[in-house]
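There are 2 protein chains.
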Amino acid sequence: MAAESPPSPPVRFGIIGCANIARKVSRAILLSRNSTIVAVGSRSLEKAAAFARDNGFPESARAYGSYDAVLEDPEVDAVYVPLPTSLHLRWAVLAARRKKHLLLEKPVALNVGELDEILAECESSGVQYMDATMWMHHPRTAEMKAFLSDSQRFGQLKAVHSIFSYNSGPDFLKNDVRIKPDLDALGALGDTGWYCIRAILWAADYTLPKTVTALSSAEFNEAGVNLSCGASLIFHDGQIATFYCSFLSNLTMEISLLGENGYLRVHDFVIPFQENVGAFYASANTKFAELSIGIEPAPIEHLVRTDVPQEALMVEEFSSLVRKVKENGSEEIEKFWAIISRKTQLVVDAVKVSMEKGFQPVEVVY
Amino acid sequence: MAAESPPSPPVRFGIIGCANIARKVSRAILLSRNSTIVAVGSRSLEKAAAFARDNGFPESARAYGSYDAVLEDPEVDAVYVPLPTSLHLRWAVLAARRKKHLLLEKPVALNVGELDEILAECESSGVQYMDATMWMHHPRTAEMKAFLSDSQRFGQLKAVHSIFSYNSGPDFLKNDVRIKPDLDALGALGDTGWYCIRAILWAADYTLPKTVTALSSAEFNEAGVNLSCGASLIFHDGQIATFYCSFLSNLTMEISLLGENGYLRVHDFVIPFQENVGAFYASANTKFAELSIGIEPAPIEHLVRTDVPQEALMVEEFSSLVRKVKENGSEEIEKFWAIISRKTQLVVDAVKVSMEKGFQPVEVVY
Chain F
1 MAAESPPSPP VRFGIIGCAN IARKVSRAIL LSRNSTIVAV GSRSLEKAAA FARDNGFPES
61 ARAYGSYDAV LEDPEVDAVY VPLPTSLHLR WAVLAARRKK HLLLEKPVAL NVGELDEILA
121 ECESSGVQYM DATMWMHHPR TAEMKAFLSD SQRFGQLKAV HSIFSYNSGP DFLKNDVRIK
181 PDLDALGALG DTGWYCIRAI LWAADYTLPK TVTALSSAEF NEAGVNLSCG ASLIFHDGQI
241 ATFYCSFLSN LTMEISLLGE NGYLRVHDFV IPFQENVGAF YASANTKFAE LSIGIEPAPI
301 EHLVRTDVPQ EALMVEEFSS LVRKVKENGS EEIEKFWAII SRKTQLVVDA VKVSMEKGFQ
361 PVEVVY
Chain W
367 MAAESPPSPP VRFGIIGCAN IARKVSRAIL LSRNSTIVAV GSRSLEKAAA FARDNGFPES
427 ARAYGSYDAV LEDPEVDAVY VPLPTSLHLR WAVLAARRKK HLLLEKPVAL NVGELDEILA
487 ECESSGVQYM DATMWMHHPR TAEMKAFLSD SQRFGQLKAV HSIFSYNSGP DFLKNDVRIK
547 PDLDALGALG DTGWYCIRAI LWAADYTLPK TVTALSSAEF NEAGVNLSCG ASLIFHDGQI
607 ATFYCSFLSN LTMEISLLGE NGYLRVHDFV IPFQENVGAF YASANTKFAE LSIGIEPAPI
667 EHLVRTDVPQ EALMVEEFSS LVRKVKENGS EEIEKFWAII SRKTQLVVDA VKVSMEKGFQ
727 PVEVVY
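Chains as they are written, first to last, in our numbering: chain F, 1 to 366; chain W, 367 to 732.
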């Protein structure tokens, strides 16, 4: 009888950069059941030490005054990179080169060319890649997909609409990295449009659109960074999608999915209103009632519970992939996340090009 | 002391055509507190008589074997016209010419040129005009408008999305008047897109868009009648709107309104799920909670009760305008409904032209 294998040790994370989002992901790593934090690096040692202390890191975690020191730490299995987007290429490539598995904050790169360099380094170094798009990992997302895949209740997908916006306020619009052309040049398109585009691709089973056309109402700051935009996406089978993303409108996080036989909507897809339960609303085979007074049946609220927040589930999923690679080698690498990251980035790029070309349709080629 | 004036007699309706929608509007006239039905005309006397009997008309109501006979009935104050769109020009003009006030089913005309002929005849004949867009008259609509007009809770309107679709089924797609080029040549755009476009204009305080661009995913039947389409509308102040309408997708009736400080959504704007209460959902000044875990405050469900269904409120509003004109003369005519009907038709026309021109942007000029 084979002895039971000992439990795998937790995946040991290093964090490079102390951005606000790193607080949420640090909490997620500590909540996750297969991961821990062993190091954090900032350009300032004091800042790194304060971050470790303020975010409940284990006593044994090291604080470093550089990102390099985290990458040189042999006990770091994986790094989480919450740096401004313009720094992703450099630090993601360096991390992969030093055999650190890579959990990369979105938007993952300034363009698909940069992302391809990152992905190529991950492949040649044999490390697992994942972008940090948390909502993908909520069990609600899988339940919604099951509804969309049901030909009786939903059928062919016809039209998708998605919104992610927040009203960032005057201080953000003056000072935040997300509006600085040298730090996060993709602005609202990268920060919020990323989620809408991912939602559209998720709904379309990651089929790419044929063409992407930005709406000519896009807004930019004086430095040319996008503050709001929308686009229409046309797919080969006639399916359409539209989205709107913004730093200048009330916090809103919608996906609306219209199928031949059903309709699904979710109002908090990026960050659930409540941490332990996510709702979505599904209608199937809806008909007008007699005399067209009302409808039947009514939409149904589906509630999906989760003991662990979606961002901790993301960390757990990433770490479980990392463990496989650590135990069985780089043949075990899961390519899915790199592929959908690249597709998302391709559409982000197409929206940007469409805006640059005066809102002309842009073809999307993988 | 002036004596109290006697209560005005009810406005006496004639109905020309026994379409299915006429059943719902007949019920509405009978439910309304200032209107009654005195005549119905069909191309077949038997059909008209059966319609009157089946829909609970007063014993005294006349059934006629022609539309003309209704228009010649001197006791008919107003006519409701549920005929196929291609017949509107002829019968609406004839009705107005015979001094019948006009409640005209939507889409009101095949194009704005036809509508202008109808409106010119209403003006020269001194009759009140209204299109039969029921949801405009639900008290919910006024409450939603109050929210949109609140600069603290909603602020500047940034983006609108609307959907109206229903899965019409094979029999409809083969036989219904709404897919026949000689009867309802506007197809889904006229039948369902009308509501989306009205919603967009309503939200924009009836400002017309600068340009309208149809999405290139539009579907048509073999006779060239539209079965589904979408469009983007760009306004002069940077506001955008998108909509999707269809005969080929599940019954869905959405408006999503995104403002600088707020967000409003309604899921049954065309026909409320329940007849005596309508819901909408409003968010104001929504912020991420600490650590971006959840949001605050949560969206609020607003429930708006109505003792009388929205279509009966429509009839009451129309009849109260008719009474004013009957009592005080044609100077009392309310032009609002003609103006917004014309604006809605202009945008319908622009979407159609955009589709005909290969999905190019089309300017909208009043």
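One should not assume that every hint holds.
[What the hints assert, rightly or not] Pairs of lysine to aspartate or glutamate residues, derived as EDC-like cross-links and limited to a Cα-Cα distance of at most 16 angstroms, are as follows: (1) F:Lys-287 to W:Asp-537; (2) W:Lys-653 to F:Asp-171; (3) W:Lys-701 to W:Asp-673.
Treat the hints as calculated values from the structure; they're not laboratory data. Keep in mind it's a predicted model, so treat the numbers as computed, not measured.
*Sort out which numbered hints this structure fails and list those numbers smallest first.*
3
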